[in-house]
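Below are the chains, spelled out letter by letter.
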Amino acid sequence: MIDNMNQLSRKNDAQLRKLDETYYIIAKNSCFEANEIGATIMNAIGKDLHIDDVCSKLSSRYEYDDVEGIKSDVYSFIEFLIENDIAELHKPM
Amino acid sequence: MIVDINSKIIMSDKYSINFDDILNELKPFPNDIVYLGGSLIEGTISVYSEGMGNCYSDIDVFIIREKSEFDKTEAVYSSATRKTYFVDSLLNGADIEVYSSEFVYSLKNVLNRHKISADVRIANVFENVKGVENDLFLINTFLNRLYYSICIYNHETYSSLKSGMSFRKFLKIKDAELTASIENLIPDVKGNLEVGQIDVALYCMREAYLKMMNFILVSEDIFVDRTKWIPLKFKNLCNEKSRYSYLWDEYLQLFRLGTESEKECYAVVESNMATVKKAMEDVLMKGLAL
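Chains A and B, in that order, give the protein sequences. In this text, residue positions in the first sequence follow my numbering: the first is 80, and each later residue adds one. In this text, residue positions in the second sequence follow my numbering: the first is 1273, and each later residue adds one.
If we strip away everything but chain B, and leave its shape as in the complex, we get (with noise of 0.2 Å):
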């Protein structure tokens, strides 16, 4: 799949759409701010993240609507904060995110107003951010995606919005949490190796290695919504900045263990995926065994 922003194009294989074809599919209220998201996107525009996205990946639409629209929307999926529906027509099947607005713009409100000190608890942080109560999950999560996306809809309220909203901010409290994160998985590291149980602390040190990368990222002002992409995005960084590649190199000792050859891995990945089918299947399908 391509997605060419300046021809405001997506083509795939399977099908081409320009990006007012999409909005004609999706119908926004005036006061919407439509924009698209997800892997291909975020690959298509953040040197970091080249690499992301595939031809099973697809595009994610977003939209911010006002509460009182919000509130009408129909949705497969509904919380406070989120509505998710389905549009089968669209892109060869498109998810739709719909945030209320009044999350939204009390996100931005609350970053604006936090002071990043010692004495805040960072799970206290956003507690006064309607709809989420401290989900730091989903407000990472919609953040790394309104920071690589692409607006379709409503540019002009859509550039106000970023402007405004203190991803830099949120980016420090990700610091912060990861940063206790690491040290609480250090002494479980050291601990199991005193008492010899390897395997826990290899899970743990691998655990925090990943932690260790992403808060490198994060200091970089590179935002990651999802653990998997770490290492591509660390790799990317590597790529750019010299100075963390003695990092990359013991992050293959540390993961790949004899596979260090991109060769020796994929054979390694592609006879675990074969595993993992069997032995899902071997325990689904017990009852058929003769």
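Just chain A, with the same shape it has in the complex (with noise of 0.2 Å):
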């Protein structure tokens, strides 16, 4: 598992984009529509930022206690941006 952002980097030339108040994630050859928090860490990817730091700031900024279950999400969300091909690893999960 990464312990910090900086270990992922967008593939296929992903953007994140905004439409309304919509949050879109475009890659080569898919478009994925996403919520807030899910653009927040697209837009981490890359950053010097470690998980837990990601985790309690997300925690704070909504409100939301449960900080394991969040580190949950968004370990989740990275696995599905990474099986998508919007995100790759610098080294091994």
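If you're looking for bench data, these hints aren't it; they were derived computationally from the structure. None of the values given here were measured: they were computed from a predicted structure. In this text, a Cβ means the ideal position worked out from N, Cα and C, and glycines have one as well. Just so you know, nobody snuck in bad clues.
Estimated spans, in silico, between C-beta atoms of each pair:
1) B:Y1357 <-> A:E162: 34 to 42 Å
2) A:F159 <-> B:E1479: 43 to 51 Å
3) B:S1431 <-> A:K107: 40 to 48 Å
Taking lysine to aspartate or glutamate pairs in the DMTMM-like style, the calculated list, with each CA pair at most 25 Å apart, reads:
4) B:K1500 <-> B:D1330
5) B:K1549 <-> A:D127
6) A:K97 <-> B:E1542
7) B:K1549 <-> A:E167
8) B:K1549 <-> A:E162
9) B:K1286 <-> A:D164
10) A:K107 <-> B:E1542
11) A:K107 <-> B:D1554
12) B:K1558 <-> A:E112
13) B:K1558 <-> A:E142
14) A:K107 <-> B:D1285
15) B:K1550 <-> A:E115
16) B:K1549 <-> A:E115
17) B:K1535 <-> A:D92
Here are some chain B residues pointing at chain A (derived, C-beta under 10 Å):
18) M1545
19) A1546
20) K1549
Quick one: dock chain against chain with the hints and give me the complex.
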């Protein structure tokens, strides 16, 4: 499992866009709608941010105390990004 | 994508369509002129445009329509001169640009009547063209696309229109416009060099240089409707007429600055593309930063 967002990078020229209030993740052959939390994680890819920091900042931003629950969701979302060729790992998970 | 003019067919990895199928989809009026244009067509029919068009380019469909029918044509974008609509089922999503015949024939008449003279301001040449009010950019685009086009409906009227349109006279007007523009830019370059504003001087010099290349292309009866095509067309011109090659060498110095080789330039452009996207996203998504 990664412990810092800088261990991930975007793949296939993936981009994040916002139309009205909806975020979209656009990759080479696919496009996914994302909520604000998904967009925030996507936006953090490649940045020097420890996963624990990401989770605690999300916890305080959205006033949701279950940090472990957030961590599990963040990892699930990262897996989704990897499985869909939107992100890739610099070192094995 | 391949445009085979002789077989009247357009082929890509996603579809294949012949000209009659395009007409069946468009259902033109009997007096419409329908022709195909855009970078892919231009790259196919003009030696100076070789290399234009890529897998992201589309084929543009143009219709010249009598005013009464033009006024009734429904479109997404509308002006007195031009209407644009889209047909998703055609050519993998085609833009259809409809021009009013009133504009087209009024442009033809104005060009035919126009006498090149130092007394006439360029800005006023086209004041009598219905619907455009001296929009030189629109007129240049319209003429460029008509000049490099393939007719698919009403061939006789199309040929008569093209042979009667004074393309060369328009290029003379364009020549004069470019000359004035370059003459304005050069003192700007000089002035900025003198006060040490090197970046401004470099920017202005690049602009002036591109305009000079455009000027030479125009003097060779080559239309340019977008600045991005100037280097491509100029390089093709140099391949045909080596007397201009020294200008291409200097272009490489001015625009590639340390990235003269194709490989180096490719890498810089690729890296710049990523930077542009990232910088845009950083600003647009700054609210998401943790």
